[in-house]
Amino acid sequence: MAKSLKKTSWMKMCIYKSQKDALLFAIDVSKTMQKAPPASDDKKADTDSGLTAALKCAYQVMQQRIISNPKDMMGILLFNTEKSKSNDEHDERGSLGYPHCYVYVPLDVPAADDVKKLKSLVEDGEDTEKVLTPSKEPATIKDVLFCANQIMATKAPNFGSRRVFIISDGDNPHLDDKKMNEAAAVRAKDLYDLGVFITLFPVGHKDSTFDLGKFWNDIIFKDPLAELTDPETVLESKSGSDGLTLLKSLIKNIDSKKTPKRAYFSSMPFEIGPGLTISVKGYNLFQKQAPARSCYVWLDDEKAQIAVGETARTEKDSTRDVEKGELKKAYKFGGEYVYFSPEEQTEVKKFGEKTIRIIGFKDRSLLKFWMAIKKSIFIYPSEEGYVGSTRVFSALWQKLVKSKKVGIAWHIARKNANPQLVAIIPSRSQSDEKSGTPYLPAGLWLYPIPFADDVRAGPEPQIVRTTNELTDKMNKITGQLQMPRGLYEPHRYPNPALQWHYKILQALALEEEVPDKPDDATMPKNKAISKRAGGYLQEWADVADEALAKHQEQKAIKRELDAEDDDEPRPKKRTKTAAASKKTDDDGSSAMTDAALKKLVNSGDITKMKVTELKEVLTARSLETKGRKADLVERLEQWVEENV
Amino acid sequence: MADKEATVYIVDLGSSMADCHNGRVEPDMNWSMQYVWDRISNTVAANRKTWNIGVVGLKTDETDNPMAEEDGYNNISVLRELGPMGMAGLRSLQEKIQPSSTDVGDCLSAIVIAMEMIQTFTKKLKYNRRIFLVTNGESHIDEDEEAVSEIATRMKELGIELTFGFKEEDKTEQKANNEGLLKQLTDACDGQFGTIAEAIAELSVPRLKPVKPYKTYEGPLTLGDHQQGAMSIDVERYFKTHKATIPPASNVVLQQNHATQSGNGEEFQSSGGNFAAVSNERTYTVNDPTKPKGKREVLYEELAKGYEYGRTAVHISESEHNITKIETTKGFAIVGFIPQDNFEPFVNMGDSCMIVPQKFNDEAAIKLSSFIHSLHELESYAIARLVMKDGKEPLLVVLAPHIDLEFECLYDVPLPFAEDVRSYKFPPLDKVVTVTGKVLNEHRQLPSHDLLETMSEYVDAMDISTYEVDDDGERTQEYAAVDDLYCPTLHRINQAVRHRAIYPDQPVPPIPPILVKYAKPDEKLEEAARTRLDDLIETAEVKKGGLGSHILILHYTNLIILVPPKATGKRQRDKVMPRSGLDIDALLKQPEHKRAKIDPNNAIPEFRQIFNTSDDEDVVKDAAKQMGQIIRDLISDSMGDLNYERVIEDLGVLREGMVDFEFAALFNAFLLDLKKKILSGELGGDRRELWWMLKGKGLGLIDNLTVESSDVTPEAAAEFYKK
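Chains as they are written, first to last, in the UniProt record's numbering: chain H, 1 to 644; chain C, 1 to 723.
For the record, the hints were derived by calculation from the structure and aren't laboratory data. Incorrect hints may appear among the rest.
[What the hints assert, rightly or not] Derived pair list, reagent style PhoX-like, types lysine-lysine, alpha-carbon separation capped at 25 Å:
#	chain 1	residue 1	chain 2	residue 2
1	H	K415	C	K695
2	H	K71	H	K332
3	H	K316	H	K332
4	H	K608	C	K215
5	H	K117	H	K155
6	C	K330	H	K525
7	H	K17	H	K35
8	C	K209	C	K517
9	C	K4	C	K330
10	C	K695	H	K71
11	C	K625	H	K17
12	H	K281	C	K431
13	H	K629	C	K49
[Claimed, not checked] Facing chain H, from chain C, some residues (calculated, C-beta under 10 Å):
#	residue
14	V148
15	I151
16	H226
17	V286
18	D288
19	Y381
20	Y479
21	A480
22	V482
23	D505
24	I511
25	P591
Cβ coordinates follow ideal geometry from the N, Cα and C atoms, glycine included.
Only chain C is shown next, with the shape it has when bound in the complex (with noise of 0.2 Å):
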């Protein structure tokens, strides 16, 4: 179960507050806030109903509290009484929050109004319960010792954490007095104190947020048939890794009826005003050709389960929903071992989990612990087969031993099943064979000696084992250690959402620098290792541009020729053979095999045949004509959306044909005067559908960026798109 929290926030609304000190330019208070509000908006983003919120202001201007009519409680309001915060509240509060124009209001009163809110609002039930100050500490504290332990005491009986927010050198000898005070109550009650400037650096340290542990198995782990006398240790199976969910932003509206909202102040409206959740109904509609656009609804309850067999419906009656459900009995049972040298890490498909003992089962202790310290002894890793319950379906895992001096464990991963493992093939790295099977160990694409020795020294050079700074400022500490990496993506989030919850009016805050630790080599490392770099990079001699600035000729025996391009001179293009090396382009200007009109069975081959082996210009512009030709004609032929894949292709073939050649302007125009003819149904009815289809597929203009005798912007390829 979730804890109970009961936490009160006294905060210093002294007209000092509004000062600004040590060189900031934002006031004390608006300073020393940005931790309050973190921890406040921390409680309200986790939306608990059982994490309670009181806040009570010193030095205002008022005094409103229980106690106002004894002496000493003047100047202290309380602003919020403990209960659940949500936004609403959070924003009233926001409001509340103003420097006053007095400085008068003792701290250790307001410390005993907080234990006295905190008490009669959790009684004697089981709370966390928690104080914080967060004042500068300039005014005048009543100096009582005996009311310090007295407060300490009560404190203490009432368990109650303290925490004091204080802050800066060069103080006053006011301040330093009443430090030393504070000082002794939170030593006596075993709080915590510190200066503001702490507790807001402490704030760029992600929090992690505990988990409790998930149960995944528990039962028997087994060695061998139950019958005659096999092993079986009753074990339990828990997370080890999980990967922690990314707050997901969720479908919204503009409510369109603002007055339905009870006020909310105005400032808030103008951050983007009330949203709305959106639901979600699915509707189902199959073929029938009878009916308009082939479709007919229907009703969800008048449809059946069944699962797809190819594009056959197999229909599974209700009787028979688990039909095609393996039947399975709980179980864990071990297969066999591998040497732990036979296992590679990225061979696995999932979490870890850690598997222990049965609680309170010393059997079940003394068995396990054997078995793992086997496993590490004979250096093997076991092969398991695991059905977590009664139903599910098999896996099997790979079990590793975890030996620590007060913990002992068995460590697991799924591995995967033959049709998980996709047969791709890849060339050799430290050879390359030819056609013929000969082998070369020396080639262009492999490694020289010198290129093998200069990386060797850099990765050597780069090493981070122990490279991360220790307690005694050496390098002997693991260099992004599991423990110190925190997910960007999930911290981010949550930061740039409690901020804006905060701040409505503000815009996005930047990165937090520890979520970017990792993204680049550490500044001093790289030094350090610059001149191993610099003669790697000048024995790799890499290119940047790839195959892309040279003719590549896809020459099967021969691997590949680079020709390097001429600075001048014709576009370049691809030769490609077949492995006998026949020149298929000389043949087709061939008579026989020449073709005089674009088939329009045959459209793509013949299209980019032209493009490959054609140098006249008007020739290449011809071939599109037709090609546009062909395209509005299929267009015109289709029935439904039959042809509307066709077209793509070949609208696609034609725009790379034209980028190539930067006939830019000639596509444009023919582009502009088919969506023209696409809209305006000129081209057997509505086609809209398609033009939807060219929009997703990104088949737009081209614009000056991807060809620069354009006369399109991007933006106005952009536009084209909006209708």
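Just chain H, same shape as in the assembly (with noise of 0.2 Å):
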């Protein structure tokens, strides 16, 4: 008989998979989820059935993940519905396979034409297709899930996540039908062992609660990638919960679930010390979204079509055509090409294995805050490679906590990856009052600290110290303007550039009115800034004139002074600093003022300025620096000629 070295779960070697994701809203139309809540004279009420919030939380995830998974695919599946209409149409089957189960948006890569469709189903309520007038009789959940099934293996194989979301309000749909229910679990489990990921998302009504034991327990199972801690609650959404409408408590029970949880690296060998190694996973909590880089498109035929890139290489001389096989790498030195045969690339570039290796521990203060190059990666526990890593990890959390301190460690993320020495920093836990970040879980970051390459030297030096009281006076404006709740929480700044590219994306692709102004969460309340500390900013400013005054007659003392104790070299620097004063008198927002570059315009002696000096001045304006010496001077001719 057969026996194993080492166990090998299928969950932890599947590198053949796509990293891709795959998302299906199962949605149930039936009557009670159909039902309007009571009418109510409150404005704050509910008017939201539980089929209406469920599409609006599709229609919004939707919407989303265009812009943050532009690759990932998504569909609706409705069930419970009076017509049926299966997965594909060559399915020999036919619709009468998964009867009452309704493919309104066939899985894929959301299209124009389907946000478009859930838009007007969701806003306008146009039921085209009559695919919301509910079944006489039930659909049987073994029918939904096997479609759910077939929907998964066909359209999304070998993706690395697949998932489906069930939007339901019938905790017992079955009636207790066993063997109706045995099938169920059945397909459910098959949708666990195709690596199909089921999450049950309740819809409570007011008078009843929603109860897993009488038909759901047996088709939800653990998520195997979540940690062995986690109990995975199901949530239920509920009018009136928490004080939400039944469509915010959809969403924030969505939202928790909404990306499915990849890991950056996983059985990473984490070295407290010599001897003692635990296993960790990485995530990226914090990856910055950019709009989409733009492609080209084809327009010739009937439709707009994107034209796939795909790069030829030559040699740069001769223009030979190049095979892939022919090609290496070499580094530029003095204007040749210095050559490594693969082995000894890799040679160069080895610095051991993989690994998270403590050197030792420091005072958090010595962390500066300058000392910033990008961003953090999240750790936590795994038991995978070690047993007993969680609670070592924790321990280390609580003590890291505890003691102000952060770890130093020496890190390679992957095979042959460039080392980087990193800060092990502890995140607070979510419940604790003094968290400055309750958004993010507790547990330990790996954050990058510069090398002394990555350091760059400042301008010279200047400094023109400020007065106890002229601070005093700024005491009092930095004290009024606190932000809410004394935090930055990134849920309230959504990235305005991004927002408005596929804003305007949408319109275009929906032939809609493009908007013409954009929401910005991230400007300046000044309307409250001035309610609340313009007196005080009026003073300080006041303040600021005085000491400059005082600051000035000192400096101009001194001048004198120090010429008459020497009177050689100073004339040079007098006019300097003298010009600089002058500067300071004027508007002082640029370089050089707009009447002094008129002059130097009409005289013509702009052309005897350098470069550098055109640039400065050019950047003082907001003006393009690009270009030849000539280029720049006309730039500013032009400026000055449209400006002053």
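Each chain sits in its own coordinate frame; assemble them with the hints.
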């Protein structure tokens, strides 16, 4: 009989999987789901039925995914529908296969048409396909699950992550029919074995609670990728719970599950000391989202199409075509190439195996604010490689929080990756009142420390120090303008450039009117600022003027004294400072005043300025600084003509 | 602007330089040339036209210099006139650096020649002038006090820096004498005097490349509405940190036509020949069902610009190309303040910058200073919105005060927006919450009191806040401070490339220790903390192997049950149950749920279920055979590449199952057959693309590293991929 040396769970070695996510909404359209909430005079009262809330949620998720996961798939399957429509027209079972299941949006990367269809259904209630008519007989859950199974198996084969979100209010769909329940349970296990994970979002009604024990507990499995200590509660969405409407409550529950949890690295050895290693997983909890790059579109056919680019390589001088196998890697050196064989290349870049190896601990205060170079990675223990990792990790975490210390570690993220020195910083638990980041989980962070090579020198320092009086005035302002709860909370600030980009794209894609003004939550609330601190700002400005006058007086005296002391080298310097102080008397917001610039332009002396000086003048006016000197001069001349 | 440089190296080529000294096995010449080559190759690597190098040979057999006519200038040769140096220059120079058969030659005369070379070359222009002299100082120098002081004066006039490389203890009298003379000269012209040993030691410390300050923003920093007497301070913002670029390797090809290269010497050819750069050309295709392969090539000129919205292409016309860009005006505006304690460093999204008052602007300086001091006194940070230039996307940054004796500024780092944060959930680390909502403070996954204690002691013992040794030998300085951290990859590549350029035939040199100094804890520190660590290890009871060596029961309500594997017996497997704990495997054995044959439409689940529940080897083998047939059918029925991903998934599942059951031979036989069928076109035409995909996904033969009983070696498994 076969005997395994090491257990190889299928969850662990899916290297052949593609890193893509497919999400299928399975939404119940039964009569009870469509029941409107009781009428109320309260403006904040719920107006959405369970179904409307579910569809609105799906619509919102679809829009968000186009931005955040542009390559990932999504689909919507309705069940308990009068009509039936299956995944695939060519399916030999036809629509008979899954009665009362209706594939409303086929699983795929969403297209503008899908968004449009869903939008008109959600916002205008236009049900052109008449799909929202509930069936007289309910669909069986076994059919719903097998339909989802077929959709996933054929439309999203080999995806690294496949999930079904079921939204329903029926806690006993087969009315305790044991045979039907068992058949559903078997189909649920099929989905699990296929690697599809089911999440249930129960919709509760006012008068009753959703009882998972009646049926659904046989259907829901633990997510194999979840942490061992994670109990994974099923969150019921209900009107009025936590003072939220049904829609808000459903959105909140779905939001927390919307992105599949993907590890950035796993089975990472974490060497706390020589001879003490535990295993951790790493997660990218921060990922800069930017508008997707523009692409090339082919317009000559009926429908616009994206042109797919391919790269052909040629030898530079002879333009001879180059085969892939011919390519070699070399470094430029003194105008020629220095070559290493692939083995030598590996040797050059080899700094050891992947690891996080602690080399010591430091006071947290030694980690200066400016020592920032790139985003941090969140790490969390896993028992995969070493049993007992979680408790050791937790002990380290508690110690670092308590003693205000950070670990310093040598980190190689992947095989042959560039080594990086990181500080290991704890994030407090979310229930901790002292936490400055209640939106982030408790754990440790790998915070990259810059190398000496990454630190830049600043300009020549110059200093004019504030007076105590002036600082006091500023303190009044600073004290008045605290952020809400004294925190920076990212969820309050959507990226205005990103949102605008997709808003316009959506309008163009759906052939709607293009909006004219973006929402920008990052704009300072100037009205509130002047209301709260307007008076203090004025006082501060007045004191600043006094302090400045005093400072300049002193400076002038000192200069005279210096001039008396030593006449020779001074005149040169004096003109310079004199020019500088003259500058500050004017507007001062640019390297040269507009008047002075105009004079230069008119006299033609502008051509005598150096390129660096010209650039400075241009930059100060937010003008383009590219091009040759003649271009720069021309640009300035034009600017003066138009503006001064 | 980059500084211009004129550097002359005077190299002692005397016959005594061919000897080995002080227990070295390397001749003095090669040893001391390390330093010179390193310096020269640094210049070559920079590839700057304004950095000029000249080389003078001292104690050469011939005499070849502009002053050869005069007395005392014999046996000195100009090996290379001042000029920019490339690889070709480096190679021809290498040939000339050979020990001569004489030991006659006056190094003072050589210095005079070098001075003349520099003077002729640089005239009165602005240059950094330098002379390096490397000699063993064994031969006679005309002792002429007057000449020495004259040279020094002239040297100062010309602004030439002089550096001597000299060497060795246990010197001859002659040498000691010469050293004294040259020391006198270097002192007289503020030069440096050192031994080659020192110079070579200095080489191991990586050199940092200074970068000019880069201004990222210039304009007002405001608070409040500009119309209503708001705060407005003119500031400049510069990079404080910015990732130094690691030299990239470029794609090259071996040049086909060797004859075009002018004589570079045979030995270099052997190191890899001549390379030509590779240029990339893009071609574009669109789907067109009427064409073979369903694709049609289109010309770049015929394409319009656009964006993807989901899978829909949105075309943006030329006149509207900026339509999706948000309109912004340049500005830097404070949004609000937060207490410093509420900011965590790990939320920063990138480089830091420094903000200083506008140059020569006292008003801005005093105002900014009051802002900085206020943040400092109230222990606050400011949040601000930054638009670097008109039309640039807005950023949110957090501003921190920095006050030093002679310097004040604000530092800023970028903050994440709502979209940049992923809301993954993780269970808490200090308690365990069960599915029923019960909170446990004691659990196998939580540290015991003892573990917390030993961890605390270990962490304190490994403190390196003041572990670095200061000038007095006391441990008072921060260990691994930023100034001491050199980017390992960057300097390693530079080192290897320079080494290869100078010594094309030698293997890659070892990594300099300074680059891996912080790869491990300091040995002495480790030793001191050893007992604490031993305590910790004992208390922690961490076991390697992880869950893999246990039977894992994924049960919803009981969190997890670990059952140690029996010494003998059945294969271990997952036992998976839903929340209710219903035994589905048992259910599947009941007649109404039993599955006779694997349904091709539900192949993966049914195959996995047979593997997980059956102990009958024949049943398992039969399931594998059925799976094989399903895979072949999928390939045959595939329209183009439609089913390929499914094939990969099925094959992957099959392979995993076979590895688990150690049926390597069965799987390997199947795969060999499949490969043959795919490549011969037996499975519905040309399926070579599928073969490439399988290769790319690593779905190959099961070798005997994976399954002991396999008769395929890893080498054979690799060979299998090669056609």
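Okay, the hints, checked on the actual structure:
1. K415(H) / K695(C): holds (20 Å)
2. K71(H) / K332(H): Violated - the C-alpha atoms of K332(H) and K71(H) are around 36 Å apart, more than 25 Å.
3. K316(H) / K332(H): holds (15 Å)
4. K608(H) / K215(C): Between K608(H) and K215(C) the Cα gap is close to 24 Å, so the pair holds against 25 Å.
5. K117(H) / K155(H): holds (20 Å)
6. K330(C) / K525(H): With Cα atoms ~17 Å apart, K330(C) and K525(H) stay inside 25 Å; holds.
7. K17(H) / K35(H): violated (42 Å)
8. K209(C) / K517(C): OK: K209(C) and K517(C) at ~21 Å, within 25 Å.
9. K4(C) / K330(C): violated (37 Å)
10. K695(C) / K71(H): holds (24 Å)
11. K625(C) / K17(H): holds (23 Å)
12. K281(H) / K431(C): Roughly 19 Å between the alpha carbons, so the hint for K281(H) and K431(C) holds.
13. K629(H) / K49(C): Measuring from Cα to Cα gives roughly 22 Å; hence the hint holds.
14. V148: Violated. Min distance 33 Å.
15. I151: violated (30 Å)
16. H226: The hint holds - H226(C) has a Cβ within 10 Å of chain H, the shortest such distance being about 9 Å.
17. V286: Constraint on V286(C) satisfied, holds at 4 Å.
18. D288: holds (8 Å)
19. Y381: holds (8 Å)
20. Y479: holds (6 Å)
21. A480: holds (6 Å)
22. V482: Interface hint status for V482(C): holds (6 Å vs cutoff 10 Å).
23. D505: violated (13 Å)
24. I511: holds (7 Å)
25. P591: At 12 Å from the nearest chain H Cβ, P591(C) fails the 10 Å test, so the hint is violated.
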